[in-house]
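Undergrad: Next come the chains, spelled out residue by residue.
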Amino acid sequence: MRTRLAPRFVLIAAAITLAAYMLSPTVEYYLTDPEQTEKREALQDRVLKLGLDLQGGIHVVMEVDIPKLVENLASNKSLLYEAFAASKLRAKDEGIDYLDALLLEANERNIKLARHFIEYGIENSEIISALKDESEDAVNRALEVIRNRIDQFGVSEPTIQKQGRNRIIVELAGVQDPERARNLIRQTALLEFSLLKDPDVVQSALTRIDNVLKSMRTGISLDSLLAITEAKVESADTAAAPPAESQDKAISVEEIFGRTTTDSRTKSSDSSVLVDEQIFEDRPFSALLRNVQGDIGVPRENVKAVKRILAMEEVKAALPADMKIVWSNKARDFGGRGLPSETFFTLFAINREPGLTGEVVTSASANFGGGASSIAGQPVVYLNMNDQGARDWARLTGANINKRIAIILDDKVHSAPVIRDKISGGNTVIEGMSSINEAKDLSIILRAGALPAPMEIIEERTIGPSLGRDSIEKGTKAIIIGFILVVIFMAVYYRMSGLIADFAIVLNLSFVLAIMATLRATLTLPGIAGLILTVGMTVDANVLIFERIKEELSKGKTVRSAIDAGYSRALKTIIDANVTTIIAALVLFQFGTGPIKGFAITLFWGILTSMLTAIFITRTVFTYFTDRFAVTKLSI
Amino acid sequence: MRIIKDTNIDFTGKRKIGISFSLLLILIGFISLIAHGGPRLGIDFIGGTLVQVRFANPVSSIDVRSAVSSAGYAGAVIQQFGGDREVLIRILEEEGAAEASGNLSQTLAEGFVDNPFEIRKVVRVGPKIGEELRGKAVLAILAAMFGIVIYITFRFEFKFAVGALIALAHDVIITLGIFSILDIEINLSVIAAFLTIVGYSLNDTIVVYDRIRENVKSMRRESYEIIVNTSINNSLSRTIVTSITTFMVVFTLYLIGGEVISGFSFAMMVGVVVGTYSSIFIASPILIEWQARAAAKKRASLTSS
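Protein chains in written order, with the working numbering: chain A, 770 to 1405; chain B, 2 to 306.
There's no promise every hint is true.
Label pairs and their in silico Cβ distance ranges [stated by the list, open to error]:
no.: 1; chain 1: B; residue 1: Arg300; chain 2: A; residue 2: Val1261; range: 50 to 60 Å
no.: 2; chain 1: B; residue 1: Leu140; chain 2: A; residue 2: Ile1249; range: 55 to 65 Å
no.: 3; chain 1: B; residue 1: Ile182; chain 2: A; residue 2: Ile1226; range: 34 to 44 Å
no.: 4; chain 1: B; residue 1: Ile182; chain 2: A; residue 2: Gln932; range: 49 to 59 Å
no.: 5; chain 1: B; residue 1: His37; chain 2: A; residue 2: Arg878; range: 35 to 45 Å
no.: 6; chain 1: B; residue 1: Phe159; chain 2: A; residue 2: Glu913; range: 53 to 63 Å
no.: 7; chain 1: B; residue 1: Gln81; chain 2: A; residue 2: Asn1060; range: 39 to 49 Å
no.: 8; chain 1: A; residue 1: Ile1344; chain 2: B; residue 2: Leu24; range: 25 to 35 Å
no.: 9; chain 1: B; residue 1: Ile29; chain 2: A; residue 2: Gly933; range: 35 to 45 Å
no.: 10; chain 1: B; residue 1: His37; chain 2: A; residue 2: Val970; range: 47 to 57 Å
List of simulated lysine-lysine pairs, DSSO-like, C-alpha gap at most 27 Å [as the list claims (entries may be wrong)]:
no.: 11; chain 1: A; residue 1: Lys861; chain 2: B; residue 2: Lys137
no.: 12; chain 1: B; residue 1: Lys129; chain 2: A; residue 2: Lys931
no.: 13; chain 1: B; residue 1: Lys129; chain 2: A; residue 2: Lys1073
These are calculated hints, taken from the structure and not from any lab test. Built from N, CA and C at the ideal position, the CB exists for glycine as well.
One chain only, chain B, in its complex shape (with noise of 0.2 Å):
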């Protein structure tokens, strides 16, 4: 069985058409991002208290808001979750989010005599280690970057490595675009999955770069536009069934996993469409306009010496 037969798509001949379209992309994600004030921070990088609560039965989260709001939190934000009986509250640090969990208990027990309910998670993070972790995550993505674009420069060329990272950076602020566009909060295990995206991502460029040092021997009277098109079209089997099975695997978890992890699922998912999508129409032709412009600038100093 075979999805894809021998394809000989034009590919690079579109790149023009791809590169607008992810700068397009880019744009609309950096203006939602600019509407928004940036890309929306959860407790884990702003600092405050998060609080999962159970009911036994259903309750409102206008009852839950005027509870938690005479524990003197009035600014906290009541969100419904998950069903009718699970709520999270969330309390930011500047209203003493301290203390919050254990006077919210409290709170909640006299509030809701008759609905006894269970604490499923507590999260606080002091306002210093939200600073912390901020800096260590944006620190995190660049030491993976950095680390691969050695390796590459290592194992292939200067010029395949900018190309891998280009479609990286790329990658990432596309899906931190479309985090911004569906109003979606980062979080610790979202940071997780951009890493895993910068991995994956690159697996694909990878696999297709190879190719392109492979053809680059074989098919030495062609073209550089023709063997990087070629090369694409030869690993296109390969790039589309990885990544349905890998889009299965994260879809599944993302419906079926629960809510702890759907944050980091959807990252994924996100990231595998968009890594596929780069590998093809963004890391490839870059090394022909990388090629080209090399190529013009030997020929200009010729001529002028």
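One chain only, chain A, in its complex shape (with noise of 0.2 Å):
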């Protein structure tokens, strides 16, 4: 009895010939000198893409801060703060939405929303409802203006995506300098001009603030403490400027708050602070700062016990109610001329009520700036601004001249020029940028408009180009020594039926890259071992078979038989064994992020092609054999 193979002979060439066509856009695309980028261009669309892990790139998700968009959008919150910081806490023990927290906390403490949310409704519940709506479509506003920066940045093919109702996805492959798009992607640009309070309203708030930690050492109480140093200042001006050699010596953050007695010096510099020991006992927080080319400079190892401090409630309600302290974008090298190097951060002491903010803004430009001005081939962005801001500019900087401005972006001090002259026209320049890239960055960001709301980076990925050369270089060759050894095992093991079977290896293997090239899925190093995994399940599935054969061989049966019954009973056990991984790869997609997904999709499409490789086309070749050369031993 002669099986018709025509027919599934044309079946399988079909197979390899559509798995070639579907293949070779990608092969050609990776064979083209990344230097012909329109020929590449051309073949994208129709290429296996590698993913984030194999090329670099960065994977970030971002959400809107829901509290910190509701505080923005109260009026009179100074009443809400207590209701906030417990529905914060609530949504965190509760598990549930901060939203819901909030109206829980209003409800209990009979607040009415509608005095701080005005145009939101009369109901708390319907302003709850009002105020998810707007965390929602913040999130869609967010969605254009990320999708407008990144248009301008020049990434090809980036996924921009709304996860959820609050989530934004933002994926770029490829990216040469992962920092400076993820600086893009999350700046808010909230852009303000502020001016510098004066500096003797800067030095008593100071001094203010020394004070408060004093009476936290010392327990003696404010109002006492306040009376001497005043005194004290008053007669001895000069102090207010820290010598610029002072005798430093480290001590334990703890110590400023008063809480360590012990001798600082054995403790471990690992939280130690910088002060100025001279005036550490009279004037604790103004001894973490130093006096740099008039500004207030902050060195880098005192930053976070002065974050600390600024941060505390007793320190916030010390400093006047219109001023706010920032810090600047950078830190400066102020060393040099004998001096140890050393970096500062400075700190501004702005009006809180912004003079103008960016809204203003109409177009911004990155350039080196001009002539024989003292920005003169620095980096540097132009601004053009609207009519009416055009004309506050005119007025702020007429009224101001000689005063400081800050140029504050996301409540970074990005430059804090003194006014010269009235600037009419709406023109403004911004300097303090590093490079042009710098530069140009900020007029995409500026041009492309504020971020909505607040939003949170609450996951990033970012693999550098190459750790992901390094990567695929490892993938490839453990897939292609995995393979070898494969295929040796079975031909040493099985002979010409292993042979048969690595055939059946091969094939598999490019029907499953062909058909992911197709759905344009993304291979990833998850999907490499997806891949070596699939070459395990084909082999399985042969490896069954064979037994099998060998099996009714044993028995006397003849080899025509032998296949036959080798073949249909093994047919059973392996969609059993292949439908529980299926189930395996199904939950895996279902559930995973980024690179488990790719795994899942390679294990997916391997076990369906291994089924089709191993079952089909190894039988046709092994009839085809026995048929044609009337083989009475098998090889196996």
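Assembling the complex is the task here: the two chains are given apart, and the hints tell you how they should meet.
TA: Given below as structure tokens:
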């Protein structure tokens, strides 16, 4: 009895041709010189893409910071702070939505939210649901803003999508400078221009903070301390600016708060700060600071301690209501001239109410400063403002000549130039960028607009391009060696039949890759692992069949009937065994993020194609050979 | 060529030894887990920041540590990694991990002026996400098990599903225990490996089960124990050949696949061994115990009526 093999061969040939067709763009793409961008772009849609872990890139999940959004929207919020804090805790403890927690808190505390959220409704529940809409709306708008920024940054094939109600996923593959991309995505772009407080106002605020700390350390009441120090400052005004070369000593952060009394030098240096010993007793806060060319410098070591102090409620209360303290956007090195190099962050005391905000900016562009000005040759960003903005800007600058104005982005001061002249026409310049790329990015952010709500990066995975290259090299090497080992093993163990199985393995690998390229799936490192496992599965199916055939042969069956019986008996087992793996793959796909999903996809398709190759194709080959050569002894 | 000739090893007769051995392994695993205060979860599940930095020239982890703590991350864990030029810096969430990667790159640039470096990888997972992923991972493993039980019940009988399920739990618990003993971190890709182990171990179990189902029909006169034992022996050569090839492949992956995938492939290696063992000594013997109990019950109800 001869099986009609022609239709089977046609089917197999068709499958192989189709796979070759589906894979050819990929092969062509990766063989093309990266310089030939046009050709590569034409192919791009049909190639098997490499995941972030293989070509480098950045994966970021952002979430609307709902508590902050609500706080921003509320009026008279000072009455609400306690409820906010309680809701935050409650949301965490009970695992509920922050807004639901806020509703519960508001009802329990008898707070009429309508007083604070005037436009959002009357009933508390009504306001909460309006806030929910607001946060969802904020995400949608943020999506637009981020998309705009990425477009201008110029990344090919970015993935920017919404996840759930208040999250956004941004995935940029093949980015060479992930740090830069990350900054571009995350900046909220809240641009403000605020006047600096006068130095004497700042000095008295610092003194007040000193006193708050001192009273905490010594237990002396604040009022009595105030009287003493104010007298002192008047009598010895020269002490206001700490001498440049002072006796620094390292003390622990705790000591500032008066909690440690043991010798500080024995403590580990990890949590120590640099203070000016001469004035530490008297002015514990000022001792952490340095006078750096007229600005308040904070040595890097002290930043954490200063942040902690500034975050204290008692300290906040001691500051004038209209004053806000903000940090410089980066540290600067003020060493040299015989002094040891030291890096400082700078603190600025500014008007809480900004003179002008970034909403008036109509265009922004990056360039090098020109002419003979102080910014010549430096990267800067030029701004244009709308009419209203130009008028306000002219008024603001005109009225404050010779004062300093801070240019603040996302609560960080980029520069604080002195106003020399009234600026009319709405043009202005932001300086203080360290590279033209930074200036370019800033202009992109300002052009694309601000994020409509504070967003927080809750997950970030960045793979540098070199690590990706290493991974792909190692991954490919592993798959090739593993593959060769299996091929040799099968050929040795099952001889001719093993070679047929090897043929099936090769076909199987190309089928999986072809399907993935067609589905526009992405090959990840775990995906490579999935491929290797697929090889294992193909082998398993063949082993099951071969062992069965051997059994049948040892029972004395003819080659032909042993093959038939072997296949039909093994089939059931193979299906049962593979379906369970498919279930695992589907679950993985459902639950997995990026790389794991890649594994699930390859595993899923690999199992399907392995059934096709291991059962259908090898059987066809077996049948062909046994028919054609009238085999009486099977090489198995 | 045959590694395994027709065998007739008394596997089921030694099931008590097998089960005791497994219980011992599980116990040791549990002790280690308790001693370590639970499995060692990676950044993916507890939140925090991991930065992988490669320097142009060799560095000492002590220098890196002092630079990192000067940036304000005193509790950071520094780990030398794949040679003396690469370090892993781990910062827990409480230490302000959100800003860490930016701050660190600046600090390192200042601290190692003569030793240029490259940030190879940054993973930051917020605490909320970590919690979510943890929940999802457990859910995924449970869901996979549930789906598989349904399928086996449908294709075989319920008692097979129970046997398979116990074998699966056995494999996952033992692998977890081994990870704990060796103090290897559990991250997302290890979870993927766990799920693959679930799939693989089941593959093995089902091959034997299939044989049992077949032999039950052809060996009616024999006792259930003999049927099970014969079935294990029948499929033994397949079990061993497949395990060898799979192990070979996963071992290659472990040796040369790079650090990124080593956790995954290690889990798979353990899983292949444990999975093979469990389908012989756990999954099938359970059927015998189940059968014996069911028979006793039947007899009891017959005599009482």
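Undergrad: Take the hints in turn and mark each one as holding or not.
TA: Hint check results:
1. Arg300(B) to Val1261(A): 50 to 60 Å: holds, 52 Å
2. Leu140(B) to Ile1249(A): 55 to 65 Å: violated, 36 Å
3. Ile182(B) to Ile1226(A): 34 to 44 Å: holds, 36 Å
4. Ile182(B) to Gln932(A): 49 to 59 Å: At 37 Å between Cβs, range violated.
5. His37(B) to Arg878(A): 35 to 45 Å: Given a distance of about 44 Å, which is inside 35 to 45 Å, the answer is holds.
6. Phe159(B) to Glu913(A): 53 to 63 Å: holds, 54 Å
7. Gln81(B) to Asn1060(A): 39 to 49 Å: Hint holds: Cβ distance 41 Å, inside 39 to 49 Å.
8. Ile1344(A) to Leu24(B): 25 to 35 Å: Because 34 Å falls inside the window, the suggested range holds.
9. Ile29(B) to Gly933(A): 35 to 45 Å: holds, 42 Å
10. His37(B) to Val970(A): 47 to 57 Å: This hint holds: roughly 56 Å between Cβ atoms.
11. Lys861(A) to Lys137(B): holds, 18 Å
12. Lys129(B) to Lys931(A): holds, 18 Å
13. Lys129(B) to Lys1073(A): The given pair, whose Cα atoms are some 24 Å apart, holds under the 27 Å limit.
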